[in-house]
Amino acid sequence: GAVVSQHPSRVICKSGTSVKIECRSLDFQATTMFWYRQFPKKSLMLMATSNEGSKATYEQGVEKDKFLINHASLTLSTLTVTSAHPEDSSFYICSALTGLAGEADTQYFGPGTRLTVL
Amino acid sequence: EDQVTQSPEALRLQEGESSSLNCSYTVSGLRGLFWYRQDPGKGPEFLFTLYSAGEEKEKERLKATLTKKESFLHITAPKPEDSATYLCAVNRPGGSQGNLIFGKGTKLSVKP
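Line by line, the protein sequences are chains U and E.
If you read the first sequence in this note's numbering, its first letter stands for residue 1131, the second for the next number, and so on.
If you read the second sequence in this note's numbering, its first letter stands for residue 240, the second for the next number, and so on.
Hints are supplied without guarantee of correctness; some may be wrong.
Unchecked claim - Simulated pairs of lysine-lysine, BS3-like, Cα-Cα distance not exceeding 25 Å:
#, chain 1, residue 1, chain 2, residue 2
1, E, Lys350, U, Lys1171
2, U, Lys1194, E, Lys350
3, E, Lys343, U, Lys1172
4, E, Lys346, U, Lys1172
5, U, Lys1185, U, Lys1171
6, E, Lys302, E, Lys350
7, U, Lys1144, E, Lys302
8, U, Lys1171, E, Lys281
The hints are simulated quantities; they were obtained by calculation from the structure and are not laboratory data.
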């Protein structure tokens, strides 16, 4: 299956600072990537859809000025949590569509990034 | 309201004890149903995609089936390494490609 990586896997930062998380498709080109947030023992919550070369589409209730998404190439999308606060602490996961025939809607997920804001 | 419901929330099995996980959905115009496995502290791992009622897919000890209202993930003779949370998802009606609605998952524990 397709491989998606994330970096860093864990990050601890102070309140008020910004944190950037990278999501890369390693063996395919991804025109569409997704960013999710997952709270303990809860399912995945879609935050935004990231399309290469265009602005991200944010889900209702997600602050686009706080969660900046950039998809500058076909293999890289970044999520920047600006002015992070303790309530932003969570597990952030990205995914990507391969666009291959027969799996047009199948998302492949990265390993996730655990963000802790002190 | 479009919804995906998984049951049971948690399932404990003995090694070798076969069982099934359920995913029921109420979305109209299903465009795809997806099964993922998630280990603690990791991202979901893709298992299967099902598109139409009657479709079945298998991978090792896992078999996924689909009807017009629900999907089952059958686990045959499970091993401890099958312990994980299994997530079900469907395409969000009217949503863009890949926009999924996830269920809350079934946490499977297999004891040796």
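Violating hint indices (sorted, rising): Checked against the structure, the hints that fail are numbers 2, 5 and 7, while the rest are satisfied.
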